[in-house]
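**Student:** Sequence:
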Amino acid sequence: MEDRVLFTLNHILQKKKRKITLESRLREDLFVDSLDMSMIIGDLEDEFEITITDDEFADVVTVNDIVEKLKARGLSDYRSIMNSV
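According to my numbering, the sequence shown holds residues 1 to 85 in order.
Calculated directly from the structure, the hints in this document are not laboratory data. Treat the hints with caution; some may be incorrect.
Estimated spans, in silico, between C-beta atoms of each pair [to be verified]: (1) Gly74 x Lys15: 31 to 41 Å; (2) Asn10 x Val61: 12 to 22 Å; (3) Ser38 x Phe7: 11 to 21 Å.
Result set (EDC-like, lysine to aspartate or glutamate): computed pairs, CA atoms no more than 16 Å apart in a straight line [to be verified]: (4) Lys69 x Asp55; (5) Lys17 x Asp33; (6) Lys69 x Glu47; (7) Lys15 x Asp33; (8) Lys17 x Glu28; (9) Lys69 x Glu49; (10) Lys16 x Asp36; (11) Lys69 x Asp3; (12) Lys16 x Glu28; (13) Lys16 x Asp29; (14) Lys71 x Asp36; (15) Lys69 x Asp54; (16) Lys71 x Glu47; (17) Lys16 x Asp33; (18) Lys69 x Glu2; (19) Lys69 x Glu56; (20) Lys71 x Glu56; (21) Lys15 x Asp36; (22) Lys17 x Asp36; (23) Lys15 x Asp29; (24) Lys17 x Asp29; (25) Lys19 x Glu2; (26) Lys69 x Glu23; (27) Lys19 x Asp29.
All of these numbers come straight from a predicted model, not from anything done at the bench. Even for Gly, the Cβ is constructed at its ideal location relative to N, Cα and C.
All chains should be modelled from the sequences, with the hints used to inform the complete structure.
**Tutor:** Here is the structure:
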């Protein structure tokens, strides 16, 4: 799941040319603004086939916070499991 979240962020933030890790802070390190966050949420919704409200992600600070929010919803990295079969 971490790889999928990192891929999504790299896709959205590719023009900012920042190294993205799980410890990266969205605003301070990656300079994510409200438009970027909306795009990130939209891509994550598509990637995981879920709906995310802005309020759900209002308190995320790091990339890992996003991963933890998704895991808390019961999501797992089913694609990795499917690819290993």
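**Student:** Indicate, hint by hint, whether the structure satisfies it.
**Tutor:** Status of the hints after comparison with the structure:
A hinted range of 31 to 41 Å holds for the C-beta pair Gly74 and Lys15, which are about 33 Å apart. Range check, Asn10 to Val61: about 19 Å between beta-carbon atoms, so the 12 to 22 Å window is met. Taking the beta carbon of each, Ser38 and Phe7 are about 18 Å apart, inside 11 to 21 Å as hinted. In summary, the hint linking Lys69 to Asp55 is supported, as the alpha carbons are separated by about 12 Å, within the 16 Å threshold.
For a cut-off of 16 Å, the pair hint linking Lys17 to Asp33 stands: about 15 Å separates their Cα positions. About 15 Å separates the Cα atoms of Lys69 and Glu47, which keeps this hinted pair within 16 Å; it holds. Restraint check for Lys15 and Asp33: satisfied, since their Cα atoms lie roughly 13 Å apart, inside the 16 Å limit. Straight-line distance between C-alpha atoms of Lys17 and Glu28 comes to about 14 Å, which keeps the hinted pair within the 16 Å bound.
About 15 Å separates the Cα atoms of Lys69 and Glu49, which keeps this hinted pair within 16 Å; it holds. For the proposed pair Lys16 and Asp36, the alpha carbon gap of about 11 Å is at most 16 Å, so the pair holds. In summary, the hint linking Lys69 to Asp3 is supported, as the alpha carbons are separated by about 15 Å, within the 16 Å threshold. For the proposed pair Lys16 and Glu28, the alpha carbon gap of about 13 Å is at most 16 Å, so the pair holds.
For the given pair, Lys16 sits about 11 Å from Asp29 by alpha-carbon distance, which is consistent with the 16 Å threshold. For the hint pairing Lys71 with Asp36, the CA-to-CA distance comes to about 22 Å; that exceeds 16 Å, so the pair is violated. For the given pair, Lys69 sits about 12 Å from Asp54 by alpha-carbon distance, which is consistent with the 16 Å threshold. Between Lys71 and Glu47, the direct Cα distance comes to roughly 14 Å. Compliance with the 16 Å bound is thereby established for this hinted pair.
Pair hint Lys16 plus Asp33 holds up; C-alpha atoms about 12 Å apart against a cutoff of 16 Å. Restraint check: the Cα-Cα separation between Lys69 and Glu2 comes to about 12 Å, which is no more than 16 Å; the hinted pair holds. For the given pair, Lys69 sits about 8 Å from Glu56 by alpha-carbon distance, which is consistent with the 16 Å threshold. For the given pair, Lys71 sits about 13 Å from Glu56 by alpha-carbon distance, which is consistent with the 16 Å threshold.
Proximity of Lys15 to Asp36 is assessed by CA-CA distance (about 11 Å); at most 16 Å being required, the pair is judged to hold. The straight-line distance between the Cα atoms of Lys17 and Asp36 is roughly 14 Å, inside the 16 Å bound, and the hint therefore holds. Of the pairs offered as hints, the one joining Lys15 and Asp29 holds, with about 14 Å between alpha carbons and a cut-off of 16 Å not exceeded. Distance check on the hinted pair: Lys17 and Asp29 sit about 11 Å apart at the alpha-carbon level, within 16 Å; holds.
Distance check on the hinted pair: Lys19 and Glu2 sit about 15 Å apart at the alpha-carbon level, within 16 Å; holds. For a cut-off of 16 Å, the pair hint linking Lys69 to Glu23 stands: about 15 Å separates their Cα positions. Distance check on the hinted pair: Lys19 and Asp29 sit about 9 Å apart at the alpha-carbon level, within 16 Å; holds.
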